[in-house]
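A.B. asks: Protein sequences, first through last, are from chains A and B.
If you use UniProt numbering, the first sequence corresponds to residues 1 to 311, in order.
If you use UniProt numbering, the second sequence corresponds to residues 1 to 311, in order.
These aren't lab readings, by the way, just hints derived from the structure by calculation.
It cannot be assumed that every hint is accurate.
Copies of the same chain are indistinguishable here, so a pair counts whether it falls within one copy or spans any two.
Unchecked claim - Once the Cα atoms are required to be at most 20 Å apart in a straight line, the calculated DMTMM-like pairs of lysine to aspartate or glutamate come out as:
| hint | residue 1 | residue 2 |
| --- | --- | --- |
| 1 | Lys31 | Glu113 |
| 2 | Lys106 | Glu266 |
| 3 | Lys88 | Glu30 |
| 4 | Lys31 | Asp107 |
| 5 | Lys248 | Glu163 |
| 6 | Lys14 | Glu115 |
| 7 | Lys291 | Asp255 |
All values derive from a computational prediction rather than experimental measurement.
There are 2 protein chains.
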Amino acid sequence: MNKQTLIQTQNRIKPFIHQTPVLTSQLLNEKAGCNLFFKCENFQKMGAFKMRGATNAILSLSEDERQKGVVTHSSGNFAQAVSLAAQKLGVKAYIVMPENAPQVKKDGVRTYEGEIIECESTLQAREAAANKVREEKGASFLHPSNQDEVIYGNSTAAMELLEEQPNLDVILVPIGGGGLIAGTALAAYYFSINCKVIGGEPIEADDAYRSFASGKIETNKGANTIADGLRTHLGNRNFPIIKKHVDKIIRVEEDEIINTMQLIWERMKVLVEPSSAVPFAAVLKNKEEFKNKNVGIILSGGNVDVTNLPF
Amino acid sequence: MNKQTLIQTQNRIKPFIHQTPVLTSQLLNEKAGCNLFFKCENFQKMGAFKMRGATNAILSLSEDERQKGVVTHSSGNFAQAVSLAAQKLGVKAYIVMPENAPQVKKDGVRTYEGEIIECESTLQAREAAANKVREEKGASFLHPSNQDEVIYGNSTAAMELLEEQPNLDVILVPIGGGGLIAGTALAAYYFSINCKVIGGEPIEADDAYRSFASGKIETNKGANTIADGLRTHLGNRNFPIIKKHVDKIIRVEEDEIINTMQLIWERMKVLVEPSSAVPFAAVLKNKEEFKNKNVGIILSGGNVDVTNLPF
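Sequences are here, hints too, so could you generate the full structure?
C.D. replies: Laid out in C-alpha cells, this is it:
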C-alpha cells in the first residue's frame with residue numbers, strides 16, 4: 001500500500017460517511033495545558049468510527065461477492081457498522097453474536113436490518129458460526145480490526161483531522177483490536193510532516209502495551225475494563241504497522257477513564273463511550289509530555305447506555 | 001429598535017461568544033417526518049444561549065457603569081452567563097442566589113469569579129438583596145429575560161441559524177421567562193421571508209400558553225416540571241414582542257420531555273438539559289403540522305447534572 005491507497009479509500013467511502021466535526025474547548029485546553037482538537041467520530045453514522053472501515057471493506061468486494069453478503073462476529077460497534085454499511089449498499093449482512101449479548105446491541109443491529117445469528121459466548125463458537133455462514137452462503141468475512149480494507153477505512157478519520165489541523169504534534173487514539181491506531185498511524189505517516197501517534201489503553205486490558213514491549217502479540221487474561229471496545233487484542237495485519245509507526249502506548253486506570261468520560265460529557269456536552277475517554281485520560285495523566293503541544297484526539301464513539309452510567 | 005439594532009448587537013458580541021454549529025440527523029428527520037436543524041447553544045460558552053444576552057447587556061453599559069459592576073438574581077444559567085461575561089470584560093459580577101441553591105450551581109458561578117450573595121429562597125428576598133447591591137455598590141441590574149439588551153443578544157442565535165439555513169419554515173424554542181423566544185421572534189421577523197416562531201412549554205408550567213390566550217401576563221402556581229429553566233413567567237418587555245411575532249405555543253407533558261431528552265442524547269450524542277428537549281418534544285407531538293417542513297430548533301443549553309438523570 002502507499003499514499004494513493006489511502007486517497008482512493010477516502011474518495012471511495014466519502015459518499016457513505018459523515019465528515020465529522022473537530023471540536024475545541026478553551027476550558028479543557030487550560031485544564032490539560034495544551035491545544036486539544038477532538039475529532040468527533042461519536043457523531044459518525046451509527047455512532048462510531050467503525051463505519052469507515054466497514055464501508056470500505058464492503059466497497060472493496062467484487063459485485064459477485066457483494067451479492068453473497070458479508071458476515072462478521074461482533075457484539076460491539078462493528079456489528080452495527082457492518083449492518084448499516086451493508087444496508088446502504090444493498091448487501092446482506094449476517095452478524096454472529098453471543099446469545100447473551102445485551103438486548104440494546106441486538107436491537108442496534110436489527111435497526112439496520114442485519115441478520116443476527118446467535119451462538120454460545122466463546123470465541124470458538126463465534127468463529128465456528130461465522131465459518132458456517134461463509135460456507136453455506138458464500139458470504140465474505142469482515143474482521144473488526146485485523147483486515148487491510150478496514151484499517152485503511154479507519155485511516156480516513158485522521159486524514160480529515162490532519163486536513164483541518166495540519167500542525168498537530170501528536171494524535172492519540174484508544175487501542176483495542178488495533179484497527180484504529182494502525183489506520184491513524186498510516187494517515188500520520190503519509191499526510192503529516194512529523195505528527196506522532198500515541199495509543200491510550202486501560203491497564204486492565206494492556207495487551208497492546210505488553211505486545212509493544214515484547215514484540216509479539218500478547219493477549220489479556222481478564223480485561224475487566226469499563227472500556228468495552230478495548231478488550232480485544234492485536235492482529236497480524238495491524239501489529240506490524242503499529243510496531244513501525246506508533247510512538248508509544250500510555251496506560252490508564254479505570255477511575256481515570258470514568259473521570260475523563262464525565263469531564264468530556266460535562267464540559268464539551270458530547271456523549272462519548274468509555275473507550276473514547278481513554279486517550280484524553282492519557283493526556284491528563286502525562287501533562288508535562290504534552291505541554292503547549294497541538295494534540296489531536298479521536299473520540300472514537302458515542303454508543304453508551306445512558307440509563308446505566310458509571311457516574 | 002429595528003433591523004440595525006440586531007446587526008449592531010451581533011457585531012458587538014461576536015468576539016466574546018461562540019458561533020455554535022448547526023447539527024442534523026437523518027435518523028431524527030425520519031422519525032419526525034421533517035428536516036430538522038439543531039442550533040447547538042449547548043456548545044455555547046458556559047453551556048447555554050444566556051451567554052449572548054448577558055454579554056450584550058454588559059457591553060451596552062457605559063464605562064462608568066461597568067466600573068461599578070453588575071448584579072442579577074438567578075440560580076440558573078443566567079448566573080453563570082453574567083459571571084463569565086463580566087469576567088471576560090473585566091467587570092465585577094454580584095450574583096444573588098438562594099442559600100439552598102445546589103452546590104453545583106454555586107460552584108459554576110465561582111468558577112467564573114462571580115461573587116455570590118446568599119439570601120432566603122423567596123422572590124422578595126432575592127429582589128431585596130439585589131436592590132441592596134444596587135444601592136450600596138451602584139451596580140447595574142441585569143434581568144435574565146425581561147431586558148431589551150438581553151433579548152437582542154438572544155436574537156443572535158436565530159440570526160446565525162437563519163444565515164446558515166435561510167429557508168427555514170419555522171423555528172421552535174423553549175419558552176420560560178420569554179427572553180429567548182422574544183429574541184428569536186425579532187430575528188425571524190427581520191431576517192427571514194416567512195419563518196414562523198413557535199414556543200414549546202411544559203404543561204406543568206404553562207403560564208406563557210395561558211398568557212398568550214388571555215392577553216395578559218399569567219403566572220404559575222406549581223411549576224413542577226423537570227425543565228428547570230422554564231418555571232419563570234413572562235415580563236413586560238418581552239410579552240409585547242411575543243404577542244406580536246410568535247405564532248403559537250405548544251405544550252408538552254413531562255414524560256414527553258424526558259423521552260425526547262433521551263432521544264437527543266442517544267441519537268445525536270449531545271448533552272442537552274431538559275428545557276432544551278421541550279421544542280423537539282412539541283414537534284414529535286404534532287408531526288402532521290411540521291410534515292416535510294424545514295424546522296429549526298434551538299438547543300438552548302446543556303447544563304445538567306450527569307450524576308442525576310431522569311432516565
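A.B. asks: Hint by hint, note whether the structure agrees.
C.D. replies: Structure-based check of all given hints:
no. : hint            : in the structure
1   : Lys31 x Glu113  : between (43 Å within a copy, 17 Å between copies)
2   : Lys106 x Glu266 : between (29 Å within a copy, 16 Å between copies)
3   : Lys88 x Glu30   : between (42 Å within a copy, 15 Å between copies)
4   : Lys31 x Asp107  : between (38 Å within a copy, 16 Å between copies)
5   : Lys248 x Glu163 : neither (23 Å within a copy, 45 Å between copies)
6   : Lys14 x Glu115  : neither (26 Å within a copy, 51 Å between copies)
7   : Lys291 x Asp255 : neither (23 Å within a copy, 46 Å between copies)
The structure fails hints 5, 6 and 7 (numbered hints given earlier, in ascending order).
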